[in-house]
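Student: Put together the whole structure using the sequences plus the hints.
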Amino acid sequence: MADYNPMELMICVAARNLEDGATVVVGTGAPCAAAMLAQKTHSPNLTIMFEAGGVAPFLPSMPISVGDSRTFHKAILASSMPDVMETCQRGMVDYTFLGGAQIDMYGNINSTMIGDNHARPKVRFPGSGGANDLASLCWRTMMMTPQDAKRFTEKCDFITSPGYLQGGNSRYEAGLPKGTGPYRIITNMAIMGFDEISKRMKVLSVNPGYDREDIQANCGFELMWADRLTDTEPPHADELRILREQVDPHRYIIGR
Amino acid sequence: MADYNPMELMICVAARNLEDGATVVVGTGAPCAAAMLAQKTHSPNLTIMFEAGGVAPFLPSMPISVGDSRTFHKAILASSMPDVMETCQRGMVDYTFLGGAQIDMYGNINSTMIGDNHARPKVRFPGSGGANDLASLCWRTMMMTPQDAKRFTEKCDFITSPGYLQGGNSRYEAGLPKGTGPYRIITNMAIMGFDEISKRMKVLSVNPGYDREDIQANCGFELMWADRLTDTEPPHADELRILREQVDPHRYIIGR
Amino acid sequence: MSNPVELKEGRNQLFSDPDADAARQFFRQKSRAMVNKVTTVREAVKTLLKDGDYIAIGGFGANRIPTAVLHEIARQGKKNLAFAGHTSTHDMQILVGGGCIDRLDIAYIIGLEARGLSPSSRRAVESGNIKLTEWTNATLSWRLKAAAMGLSFLPARNILGTDTFNYSAAKEILCPFTGQKYAAYPALYPDFAAIHVHECDVYGNARVLGASVSDQDLARASKRVVLTTERIIPNDEIRHTPHATFIPFWCVDAVVEVPFGSYPGNMPYEYFSDEEHLREWLTVEKDPEEFRKFYRKQILDTKDFYEYLELNGGIERILKLRAIENLVANNKEK
Amino acid sequence: MSNPVELKEGRNQLFSDPDADAARQFFRQKSRAMVNKVTTVREAVKTLLKDGDYIAIGGFGANRIPTAVLHEIARQGKKNLAFAGHTSTHDMQILVGGGCIDRLDIAYIIGLEARGLSPSSRRAVESGNIKLTEWTNATLSWRLKAAAMGLSFLPARNILGTDTFNYSAAKEILCPFTGQKYAAYPALYPDFAAIHVHECDVYGNARVLGASVSDQDLARASKRVVLTTERIIPNDEIRHTPHATFIPFWCVDAVVEVPFGSYPGNMPYEYFSDEEHLREWLTVEKDPEEFRKFYRKQILDTKDFYEYLELNGGIERILKLRAIENLVANNKEK
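Respectively, the protein sequence lines represent chains A, B, C and D. FYI, in the numbering used here the residues of the first sequence are 207 to 462. FYI, in the numbering used here the residues of the second sequence are 207 to 462. FYI, in the numbering used here the residues of the third sequence are 6 to 339. FYI, in the numbering used here the residues of the fourth sequence are 6 to 339.
Please keep in mind that the hints were generated in silico from the structure rather than gathered at the bench. In this text the structure is predicted, and so the values were computed from the model without any measurement. Positions of the beta carbon are idealized from the N, C-alpha and C atoms, including for glycine. Not one of these hints is a red herring.
One-sided excerpt, in silico: chain C residues whose CB lies under 8 Å from chain D:
| # | residue |
| --- | --- |
| 1 | Phe158 |
| 2 | Arg162 |
| 3 | Thr183 |
Tutor: If you want it as structure tokens, here you go:
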């Protein structure tokens, strides 16, 4: 095994997907680290936004809340939640990242509950927060998550945030903005995208140390596979150095 | 005739209708003068608002535009047009004043055009501006206007701003906020209100120097009359002094 | 008008009346006089909040929160409140600890973001004793905006097609111009709101620095509003820069000067959140009995916010948090 | 869903596409890079505005208007523009004088408020050569807000029951929660907007002082935005007070530093309107031939805004207007 851990790999891969000049709404933790890494490597002109109103700050450290002072430290704008959400709704925000307890083959995400009785769930999670909003309104949604067959499930107990819903055009028929949807699911094992027509999850590249069987075995639904399946490029030394020294020197995220 | 002109009378009468602690959206000219006079006499705590965003200024002089610097000189708030209009829509604004070329028996006002072809009017006036908005959304609408049979018309060529529409409950059935509507029409000859049931214009008091016949003769529709018709109290010496010395020393309004 | 599209509705309960005319009737009689509104937290909570009310809290989780008002709500034993849970985290911990809430518009109230989940908030929500209707942060923002605008609803393009919609009280509608499907959100006019601000005058003309979350709309949407403020400033200062006024006086019913009033939350440019104290909450909450004792000591048995602050390190603690806020590595020299 | 209430529609034409997905497709490809956008008025108008576009102008009538851009639109002979007439008065005089407009969303464009009516604007509107659709100031505000929010419509409670509604392109709808009747307004996404601001950095992060009218929404709603600014300030200054940013860079396509750029309009805290010059316009407009000559001399034959300003008294004139703005009786001593 090379000299990096799965979290470091996922963050580096995520960062590479954030091109210069793009806009991204992030939460705390790994997504924020990925955005900071992108900014410090190939995308100095990436605009980082937080849902409570902070936009384009000079982040002095990892925020502990998406509304804390760090999120608008020397920022371009300390605005409001409706202003940020309406900027997403207007089509000016390219990327966002979500987390969740379950994800299905269409990229629908559950961060609300386990069980079948909403009034008395077996387990209650934090719920949407801004997740549904960002998944609905940003152009491209990404996810970084460890992969296992429980989390990658045939059917979410509760769809908190929309992926491609029932696949095909169902997302747009439901009224969600045209052209939006899940874009990349980045796991410890692979990088997935979505099939253009069926909107089913499709493996695009395989991470070092894993093979097709591992990936399918750790997924609760049948995956599609890209015609030109590639090997995920491992983190470069430069990426790792900047991530470890500048982005997360206290290892809050990459130490997990 | 007493020592005041019709404009001075109308402004003094209008000012008396603005009680302390109320809110009023005004335009330039006579309405602004009435609000300033009220503030300098019995209503020091009257909040004066302008549709471009100025709220509760110390007015150093008569504004020439409802968006000029005077409208937010040492103001409490220099906000936006939507904020002011939404404050009206939320029910926080008590009074407004309108002007117009025609008014009918239900207090509907035309400030748009004369003629019957909207695309090619005989005469085009400024149009609504914020007039329709304020007439729709403030609790009570007042008007100061010279009275003649052409202006007080059976039927407006164009209803720019809503009065009681076709009378009765038609205003609320149209969807306009419940309890709103025209309140006082203050002319050189009389002060009118509106009948509670039919919502027709009703003379409440008669100005010095005029009688019922004058008032009806200078009105293009049949007026109703209050059971207890009173004489309009003429301007007090104090009101006139403050109006002339402090509110409009250059006689921009009262010199008309 | 025949309509071939079937329009769906969320199945859960609406805890507040979205009717704009009903709200207008309230606002019609609300005082707009610019008078001195300075009072105490105790008096404000006593006179402006009653059992069964719908309440909403300004700020965002553990950032710029009116802690003194939250504690006082618990101390006065207010009951059966409905709560707007729009990233309300430490506020939720306090209200749940006091047993104040029985209805919840839930968007984000269990997690304390990067700090982890609140065991007591989670237990409360899993218990079935609190009625839940699902929303999202943006939907609650827009529900407040609808009310601030004086409407009974606003359309938006999120939550469609999800269980978040199914367990909400939203409804689908069609745009009359494009035929596009929208989610319609019912206006939210809270009975009571408390907002902590950086500065305001005695009339309630207030300024907020940094991210404002939904508080501009919240102040306008709410029927009764209490401001706590880091400092009261002269009215002259407000009039010097009128475009900086964030909340105008006519929205506000009571003003209380509470320096350090967002503690243990972050107050931008003033002091950072007390992460140790917040961690103490999350730890002690794991055991309900321990939490009851902790809650009694910290909140029910303290007479006011200052006693609570003193218990947790007082102004010296604030100075440490100020150093963190200001990115000063160490404030030993101070 | 059967619907017993008959819903009315305004009969006039909609001059812009309210579709939110179409707007999103545009915004998707609009650059969000924070790059230096400083250019000239000539270049900005040449590259960002084309014949037939729908345009909107910031400020309010003769307050905080981007005069240099308005003149340049006329100078470059732009044609067949649609115009959002939301208290647009001196801006309308300029555009009408240049024959630039053939479609008008009309709320308030003929009167110059207390100054009286513009004869040329009035002639243009009475001629039948400009297509008119009626709105009000608030409806145009809300149409821009709908677009700023990324929607295709917003509901509101004004204009119902009037001819203003009948000659608009609004439609009645019912609130899905209360059954209350509302006017629905189609979102207005202008192709081009010009806004004059007090200060901005080279990236277009801008601040406006005093009443902001609809410009926060206008900047967000418009597809292409030119800012003229009294002064360009360092980006550091923006970052020092991020809650003061009124328009963020990603809304803005071009920045031009034009000190005194609202002349002859009022610029709050900078200079008052030139009432003598505005009176000259209203007087000379009475005779179309005289007006043509005046317009040629003032606008078409001047090479830029500075030559126009010089023609009308230059910086000395501005100093007099500054004294009026600052309520200084007389600035002879300066």
